[in-house]
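Asker: So you can see what is in the structure, the chains are spelled out below.
2 protein chains.
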Amino acid sequence: MDKKVDILVIGGSAAGTVAASTAKSKHPDKSILLVRKEAQAVVPCGIPYIFGTLGTSEKDVMPDTGLKNAGIDIRIDTITSIDKDKKIATFENGDTLVFDKLVLGTGSMPFKPGWLKGGALKNVFTIPKNKTYLDQLQNDLKDKKHITVVGAGFIGVEMSDELKKSGADVTLVEIQPRILGLAFDEEIALHAEENLKKDGVDVRVGVGVKEILGDTQVEKVLLSDDTTIKTDAVILSMGYRPNAELAKAMGLKLNDHGFISVDAYMRTSEKDIFAAGDCAEKRDFATSRVSTTMLASTAAAEARVAGLNLYSLSTYRSFKGTIGIYSTMIGETVYGVAGITEEAATKEGFAVIGSTFKGMDRHPGKLPGMHEQIVKLVVSKATGTILGGEVIGGESAGELINVLGVIIQTGSTINDVLTMQIGTQPMLTASPGKYPIIKAAEIASRNINGCCAPNEYC
Amino acid sequence: MDKKVDILVIGGSAAGTVAASTAKSKHPDKSILLVRKEAQAVVPCGIPYIFGTLGTSEKDVMPDTGLKNAGIDIRIDTITSIDKDKKIATFENGDTLVFDKLVLGTGSMPFKPGWLKGGALKNVFTIPKNKTYLDQLQNDLKDKKHITVVGAGFIGVEMSDELKKSGADVTLVEIQPRILGLAFDEEIALHAEENLKKDGVDVRVGVGVKEILGDTQVEKVLLSDDTTIKTDAVILSMGYRPNAELAKAMGLKLNDHGFISVDAYMRTSEKDIFAAGDCAEKRDFATSRVSTTMLASTAAAEARVAGLNLYSLSTYRSFKGTIGIYSTMIGETVYGVAGITEEAATKEGFAVIGSTFKGMDRHPGKLPGMHEQIVKLVVSKATGTILGGEVIGGESAGELINVLGVIIQTGSTINDVLTMQIGTQPMLTASPGKYPIIKAAEIASRNINGCCAPNEYC
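Going down the list, the sequences are from chains A and B.
Residue numbering for the first sequence follows this note's numbering, starting at 1 and increasing by one per position.
Residue numbering for the second sequence follows this note's numbering, starting at 1 and increasing by one per position.
Honestly, the hints are just simulated from the structure, not real lab data.
A portion of the hints provided could be inaccurate.
Since copy identity is lost for identical chains, a pair holds within one copy or between any two.
[Said to hold, decoys possible] As a list, the in silico DSSO-like pairs of lysine-lysine whose alpha-carbon atoms are at most 30 Å apart: (1) K366 with K198; (2) K87 with K3; (3) K198 with K381; (4) K220 with K358; (5) K197 with K366; (6) K30 with K381; (7) K142 with K366; (8) K358 with K68; (9) K381 with K24; (10) K320 with K381; (11) K86 with K210; (12) K347 with K142.
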């Protein structure tokens, strides 16, 4: 007789844990088993900090106590196949398990391009969400004087900054003309690049890696401009690809980018099978196009939707796509973005205006800890709807970008923002008269179609 | 021939400056004169910090450069009367000025109860927004070892904390059973009280001041429980009253609490006269009842509405009342509130549920600078609408309360919040799986009418 469980969750990172705990919260009577490969799961966004601020992966472990206390079972194992019609999962040792509902949170794997020569040399690494690998990596990097990081997305930038802090010489190579290029508009990305350089990272943009050179272990990196960098280790942070092997093998529909196809409630092509997180299909909030953005916060939101709708559609999904909300910190400066950039909006065909206000995050500005605070809004000229926003600031900018996130997700317009009430406090925020989101909206309203446009925003 | 100006603004604090700059931004062609009494205007919310962190009022001055650069004229003078029919203002020296539009931002004055015996003794002070007075106060407090602060609203609490930091022995007396009692629910207020005590402030709640004793100068404070406190100075922070003398004298309609009556566009009973800020009538966001809340951030929002609608109603006011959003800092801990408390909601007749989640403002929690982060939501049982929220946290809580503020102002429900996307970053926010606003919404959804209520929130 097969073992049975009501809800089987595969994956122990953001998607898996949130799906399991949300489902348990909604259905305390259902039995839930979470299966993951790793004995200890790492906090994914915390990984770069293992190599500097935290110092060890032990401080970046997601505790299992919350799940266990909620009555969720955890099994450290690998599921090798699933019969979706019979709803049976098979483990590596041949054990089988019958489930009623399945949530796939199988995540993503680092991308290592096949064309990259020398990728298999010793001391060439990637950043998987795997504690054993990361511990080995940290150990291997200990005696490395010079490290080259390839790919300047959030992980590459944070890794570079942290490795520099821990004493290494770091070169960051990015084939795009700027760092964080897909996430921010140019002026914000350049601001971040300047800060990263100030921290001592050697930033090389507009140049790709042609080949990794060495005998048995990496010695040099050959760049597309034919210069070489002498290096002791290479870290490839060239993006991630959805881990959809299991889904594919059981016959679930995947999209053209290899993500598991899902609807607005995270249901796959199979009635009782849901997917959430990096492995699941996403659609862009602004355009509804298929998107390849992967974020732990998006994974958590999707997992919550999955967990709440397993047995009946109880939570009307009021957003219709993924609004990427990111933030990062370089030195003492925070960079955040929500929604679409001006560049991306224009490319998509939106008629938008970008409006920027520069202020301070204390009032008066003479208070200690004051940091410059910049907000840029991306506003639809036709409707005044706020489609995106970017911020630069001190630590409070990490939540300031969430203020913008809610504004965007609720479809608010500059009119709404102009008459919006906010809370201000000398030590914590900008002044009431110069709250940067409102001031940027004021500038947008003045600039839309010159002053006093048909929509009368100015 | 009388001098003329298009827009006359009276008052140089949050309301006056924002009204003037908003009006100029919308109508660059109009001449604007801002008249204020003080040579230098202080940042109102910054006043408590003059007495500790800042050390001098010079660091708390609002610069005039922004207004002047925008082309707004400033006159340091007192307007003694206004003929509202002829639209003529008269200055102290008899000068007259004809205006087209008038904005009253005359603010508020500290309340000193008439029944309080000993209130006229030397070394009994209030906290007006007046630099000359504050400079004198700071000088007078220099040699005072023991200071008694009466009234534990935000200003009383911040003054106490700052005076204690600067070395004085401080007793804070509050007639209500708890500090900050009108703003927060009990458990949050008690948390704040504990912190204030930890900072060394002697907090006495549930006890009023009966009389201030002394010969020519204050020596003791006699409390309602007949105990006395030996003290060298008394600071009365017992609230503020609208400064509506000028409005009253010219025949504008005032409401029962002495505020200048206004509509949703800040228009007074007189067609071309607007009022904003502490002197102007407010209505509560949740109930539309007349409210006596005074906040610089509310003043700024109202002034923006006034400035945008002087010549035609161009900015549809999408909120229908004042949502108080406050935050303060005691020691290293931030307390914030937006909208209505559970206690006030229940008193008003709302059927609400309060749900609280306690987490951390970093992830993993082992990152340096981690602070406990608590969010309480006040949710309508009937509709799931979020009516209010309170937070405790580190510095980022100053913007976290604004995330809640936008959620409340847009009429969002717990369903909206459960499927809301947020941005998270290890050094800056809670984890994606434990973002406190979403977790508190999850708890609310589970608790509304037990599990699986008619509204299916859980």
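Asker: When the hints from earlier in the document are held up against this structure, which numbers fail?
Answerer: The structure breaks hints 3, 4, 11, 12; every other hint is satisfied.
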